[in-house]
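*Asks:* Residues per chain, in single letters:
Protein chains: 2
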Amino acid sequence: MLTHAAEDYLKSIYKLQEKVGKVSTGILAEYLNVKPASATGMIKKLKTMQLVKHERYQGVTLTDAGKAIALEIIRHHRLLELYLFKALGVPWDGVHEEAEKLEHVISEDVEARMDEFLGYPTADPHGAPIPDKNGVVIKRMSIPMTDLCSGQSCVVAEVSDTDSALLRHLGSFNLYPGTAFRVIEVAPFEGPFTIDIAGQQVVIGREVAKHIFVDDVKE
Amino acid sequence: MLTHAAEDYLKSIYKLQEKVGKVSTGILAEYLNVKPASATGMIKKLKTMQLVKHERYQGVTLTDAGKAIALEIIRHHRLLELYLFKALGVPWDGVHEEAEKLEHVISEDVEARMDEFLGYPTADPHGAPIPDKNGVVIKRMSIPMTDLCSGQSCVVAEVSDTDSALLRHLGSFNLYPGTAFRVIEVAPFEGPFTIDIAGQQVVIGREVAKHIFVDDVKE
DNA sequence: AAATTAATTTAGGCATACCTAAATTATATA
DNA sequence: TATATAATTTAGGTATGCCTAAATTAATTT
Ligand SMILES: [Mn+2]
Ligand SMILES: [Mn+2]
Ligand SMILES: [Mn+2]
Ligand SMILES: [Mn+2]
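Quick mapping for you: the protein sequence lines, in order, are chains A and B.
For the first sequence, position 106 (counting from the first letter as 1) is numbered 106 according to our numbering, and the numbering increases by one without interruption.
Each number in our numbering corresponds to the 1-based position in the second sequence with 219 added.
Don't read these hints as lab results, they were simulated from the structure.
Do not rely on the hints blindly, as some may be mistaken.
[Unchecked claim] DSSO-like, lysine-lysine: derived pairs with alpha carbons at most 30 Å apart: (1) A/Lys45 to B/Lys254; (2) A/Lys44 to B/Lys266; (3) A/Lys47 to B/Lys320; (4) B/Lys254 to A/Lys67.
Please model the entire structure based on the sequences and the hints provided.
*Replies:* Structure (structure tokens):
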């Protein structure tokens with residue numbers, strides 16, 4: 001069995017790899033709140049375990065074995081988030097922190113029982129896809145809200161889940177995955193978005209909008 | 220915050236202290252599947268944190284602060300066992316192992332939500348008392364089944380929860396906490412017990428009987 | 001009281017996972 | 001192309017928690 005730290009590295013490499021391709025030591029270290037030297041050290045260990053590919057100074061990527069473990073941990077995390085949310089009523093801005101600790105510790109049996117309880121769900125409370133038990137992830141074609149123009153309407157697909165205060169803020173506007181809204185105005189010079197949610201007019205700053213991803217964009 | 224290992228030591232010292240008073244290094248080490256030298260090392264650390272009292276060669280006991288933490292962990296463990304059993308249907312011979320890992324990781328918030336879901340329970344699936352959130356434990360006056368004589372009837376109060384195979388064995392006879400039975404015969408020379416459970420006649424070996432504690436003994 | 005036996009502690013090591021500081025390598029700029 | 005800058009790796013150190021082996025202390029036996 002892998003250590004918690006090793007699992008976190010694999011999970012982080014997976015997520016960064018999805019965006020960047022090859023993952024640099026520096027990016028990985030920053031993402032994990034760790035110094036680059038520490039990341040180098042773990043990368044070496046993971047390489048001897050054949051969980052990552054790595055050439056000095058050239059960045060890391062996961063092997064198939066490493067990817068399988070990363071997806072396993074991500075599955076635990078997202079199932080746990082949804083379970084805590086639905087079964088225990090933990091607020092959506094609290095589930096991430098909790099799942100971050102539990103993901104390394106639950107058994108496959110408990111994973112399967114939560115999955116069944118939840119009816120084999122495909123997305124967590126923040127809209128992120130839950131890999132199935134074979135590691136298959138459904139990829140949604142969502143775009144960042146910052147790409148929207150005035151007049152367009154859409155549905156919230158996913159929001160980033162790491163910042164608890166941001167999630168409370170979004171919650172106060174009902175900006176959950178599945179919520180539809182229409183862009184009324186985009187202020188010039190990288191300004192805020194004014195949107196219409198179920199008849200309510202709301203102003204969303206650019207920094208916040210960057211963390212919202214949307215679907216079903218229509219004129 | 221304490222390390223998982225430190226929490227396990229405190230929990231173990233508490234449990235052993237209930238039986239033995241002062242806890243010797245050797246007993247503690249054996250209980251934790253660790254060498255005596257390792258126990259000595261942790262005892263020293265816990266002493267500097269003022270969580271235990273210890274004089275060389277004289278055994279350990281918990282301070283009030285140490286006891287509070289021990290009870291907190293035991294509360295987590297037993298609430299988790301009952302939650303896994305009732306909410307997720309994990310079999311009673313599986314919950315201990317699972318709770319052993321989760322107890323160090325859940326938040327006070329999740330603890331409180333499980334407590335509420337379960338209706339503020341006072342015993343885990345094996346009959347062990349769950350300390351309340353202030354650390355108050357209800358002590359039951361149960362006796363080991365091995366103290367029973369033929370003709371006596373009683374109710375199962377508690378069974379030990381560490382041996383999964385034993386629990387499956389007990390389950391096959393319906394020997395759960397709350398189950399009533401009557402002793403039909405105690406074989407001589409430390410022999411087995413023949414008992415009557417709801418009309419069914421069952422033979423329980425002495426080694427098994429040692430792990431069953433009973434209540435409400437009547438002639 | 002002395003010697004044996006048992007329990008406990010000390011000493012020295014290993015693995016994990018982090019750190020800082022220095023050395024190395026790659027990339028950008030002049 | 002030479003030099004400056006940035007990224008990465010290496011080297012050496014800390015803390016935790018375990019280990020084995022040796023030394024110490026306590027308890028028992030003769
Ligand atoms: Mn799993
Ligand atoms: Mn999430
Ligand atoms: Mn607690
Ligand atoms: Mn139990």
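*Asks:* If any of the earlier hints don't hold here, list their numbers in rising order.
*Replies:* 2 and 4
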